[in-house]
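Can you build the whole structure from these sequences, using the hints too?
Listed below, chain by chain, are the residues.
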Amino acid sequence: MSQDLSSLTQDGLAAIAAATDERMLDDARIAYLGKKGSITAASAQMKSLPNEEKPAFGAALNEARNTINHAIDEKKLALQTAADAKSVEGIDLTLPGRQIPVGALHPITQVKDEAIQILRRMGFALADGPEIEDEFHCFDALNTPADHPARNEKDTFYFDSGKLLRTHTSSVQVRNMEKQTPPVKIIAPGSAYRRDEIDATHLSVFTQLEGLFVDKDVTLADLKGTLEYFYKALFGPETETRFRPHFFPFTEPSFEIDIKLVAKGQEPKWIEVAGCGMVDPAVFSAICESRKDETFSPDNITGFAFGMGIDRLAMIKWGIRDIRALIENDTRFLSQFA
Amino acid sequence: MLTSLKWLNDHLDLSDHSPQQLDDLLTFAGIEVEGIESKGVPSELIIVAQVKEAVQHPDADKLKVCQVDTGEGSLRQIVCGAKNYKVGDKVPCALPGADLGGGFVIKEGKLRGVPSNGMLCGASEIGFVDAEDGLMILPDDLQIGQPLIEIFPSDTILEIEITPNRPDLLSHRGTARELAALSHKELKPASEGASLETAVATDVQLDTSTCPYYTATRISGVSIGESPAWLKEKLEAIGLRPINNAVDITNYVLHELGHPLHAFDAAKVEGALVVRAAREGEVFKALDEVDYTLSPEDAVISDNSGSALALAGVMGGLDSGVTESTTDIILESAYFTTSEIRRTSRRLILSSDSSYRFERGTDPENVLAAAALATRLIIELTGGTLEGATQIAGSLPVLTQPVTLDHDRLFQLMGRENITLDQAEGILENLGLTKADATTWNVPSYRQDLARHIDLVEEIARVHGLDNIQSRFAGTFVEPSETDASYDAQLNIKKSLAALGFYETQTIKLISEAQLADSLPIRPLMEGDIIRVALPLSEDHTLLRPSLTAGLIQVAARNIAQGADSLRFFEMGRQFRNAGGGKAKDLEADSLALLMGGKRGPSNWSEKANTVDLYDLKAVLSALLPQATIQLSPRDRDGWLLCADITANGKPIGTFAQLAPARAREIDATSPIYVAELEMKKVEALIQPAFKASDLPQFPGSSRDVSLEVPISVPNATIEKALGQFKEPLLVDWACTDLFADPSGEKLDTDKRAITYSFHYRSETGTLKGKQVDSAHEALRNHLSNIKGITLR
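Sequence lines, in order, name chains W and A. Going by this note's numbering, the first sequence opens with residue 1, and the numbers climb by one from there. Going by this note's numbering, the second sequence opens with residue 339, and the numbers climb by one from there.
Source of the hints: derived by calculation from the structure; they are not laboratory data. Model, not experiment: these values are computed from the prediction. Heads up, some of the hints might be wrong.
[What the hints assert, rightly or not] Lysine-lysine pairs mimicking DSS-like chemistry, simulated, CA-CA at most 27 Å apart:
1) 154/W with 623/A
2) 292/W with 923/A
3) 179/W with 1020/A
4) 623/A with 179/W
5) 833/A with 232/W
6) 1019/A with 179/W
Now the structure itself:
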């Protein structure tokens, strides 16, 4: 009897080995271990055996089943492994990936946001104002005399209504102080307009960022610390800044800020990046007059203000030589900022 | 302003300062140096040489081999190609080692095989203007071997930008005075003038407030001719063309002292000089030969004939100035008021060295000093004679007042640790201020910009330098603003769009009339809505954009022209509109414009890129506002196809359209272009506020489909509207999953479409039984079957 089982097992193993796919393997399982399978049939002989032979026969049956099952499991794994390998046959890993459309924020947005995030870290809040301004907010309140060259209609866009397109974001300073109480610590990014022909270094509409900090005890030391921190954060901790005395109607003393541009293979060069200064008392007086109160009396408070061209920061940051690249919106340019 | 270093040295010994040190000194005192240029012979190794012999080069027709005496004992052989000299001429010779600039250093060498030990020079090669082709022929009396640099001294020209508050620096004397203060040096005495007697004017009449003070000095018997070399050299150094001795002297005094003068030909003046307001419409022919039409706001110098001889403070007349035949001169030196001169100069668009100074503010104390200096020079250089006393009309204005320096506020602004009172006062004294008492300071007449406490602080800070101020890194806490919230929301949307494959653009907010047709503002435009600038720079930029789509279409056109085949752009920013109603109320608000066209994505090997259609843009809108239901609701507009309101949860937030195919063809688009514009205020309001997240569903749900036959005339929105009205608590979600139409009419009538929706049911209280789903779904089918024209399949 054990001989029979042994040959059945050998036959079963041969059938399993011959199987070339999972269905043939399953057929082999059914042929040997299924309800009508040959090993299942052989087990029927058990009851006709004498009792003393039954344990040995049972053990032999179990071994035959185990051997077949084990062979089936192994064969199944082998077949799956082979099929898995086949499933990736001929695939070229080096073909390019399918392309998802790529987009990007405009470089002005990117550098503006960097600037905003740095200034927010120092506690500045954002402020905003209209781009169509009146002369009071753009000039008068900023201590700019009526016959100042900037108020010329050759240099500034006016409307028949007498309003104008703001020539700087400094008008937001005035609008903010009219409404708030000190401390005022604001930044105002936005467009400004000048009647300049568009060329490699000029735009008639450009992006500025204005800053203003007014409080009880704001000094030149705060102005210097704030802007030194800002340029280090924006252009790297090694960035050197220098403050050149200058003249603006709305600040006194006033300074222009240069940063040292160090480019490989070139002499380091100082380039102008911003104007700044201590708010002129005349500006505070104009605010008092407009508010009809003494909240911003120059006797009680001081402040500093600064203004910088965001376009210029972008040009410095990315070495953009022609400012017009920033308004042409050519994807061959914009794709670099993805 | 151009400033000659040599000229400055008349006033101040600057020999120990290199040009770079001067640049730094001025720059850090707030006086910007825009350029430094060296003029003159570039090297000490360029000397006077005499040509002793010139013979033909054996191997070159155009070259000669010269023997040249350079004063070294033996002759030097130099090969030369020039033709304009003869043996015996004295010419410049650059010896080996001479650096002619631009990396050109003279070396000993051979020219066509013949040794040449130097170079004979033409004028332009050594910093002069070429008078003739070839070598520069020097005067015979020069000593052989002498460096040219000693004969033609070099100069350094500083180009200085003077800010409008510092007119006192618009002269060599003024700049020297500032440099003396900054470098703690002694200023040399000013050039002496003639000693002028003065008398109250009988021949000058002042009739306008533009001129509070006028002086006239008469010099007779002048002979007008060429100026001497020293004077021409000074003027040429700062870029002025010498004209004749009288005119050159007035120009010299202007740049020496900063005070403009005018010289009249006395023969052209009838009777007294009358300084008066111009008559309305009076025509004046100025020196520049242009006829200017004047108004009573302008002041003129006239005479008893009544005609204008000069436009006060701005420019002389063509017919009254000094010419070669002039024998008697009336020299005007006056003070003209700043804003009046500025007004005239601006209105007539006529600016001169004179108006430039008067409109910024001249030093009244200089009126007589300038007249005296000019008079002395005229007498010396033209042989003229001073006639009587200088006539004086009006009185000298006093334009400076004592100013208080508030010490507490000085320290409050500078920081007490950064400067001492002694340092601060020392700076003021250096700048020419004098202390009247403990806190009061007298201001010199040339510093009219110092009128307030803060002006003195500014001077102290400027000279002390920010380098000497310790930076402070401390801050105040402030509340975030509404603008902060709006900025963050807008930036998030921009970032989402960039991630969805869109390029952000920034276009000029001033657009052209023609671009109005490309504008798709949320509310249709009417003529009165448009805001035009009064004086546009060009017709491309005449009005403020009422919509951002025009800019995007221009961007699309540009990129199509550059070969781009996939167009995905957005811009966010202000648009402008006049609210009309006669109040000229200008409205400006941020909007977001999107443009899609061309291929859906970049071409690739795996699949053929389809062109974008409107559902792509609709998908983007839904992706931007995932919590809102975005719908397009048709609204016709001229010039666009498929125009629709964009609604979110049923409320309009923007406009959508397809660019008219005719316009698309104009910009060479080969497939449809879609645009949308959204009001940012409404978009921001739809961004989900703070909320609590729901728990995950605890029980499984079950899905059922419905297929509907819908007449083509019935839009899908009808079905969605009906679904929105169907109240069934178990129905948690639905989606439109299939659309079928059969153009052949075999499987479905051609005027119908089959639309399939999939519905998902779920209960919060337990696993749904089949029967529960069936009954809810049956109710839904009934509800849908009630829509007019729709049948269930």
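Hint numbers not upheld by this structure, sorted from lowest to highest | Hint check: 4 fails alone, others pass.
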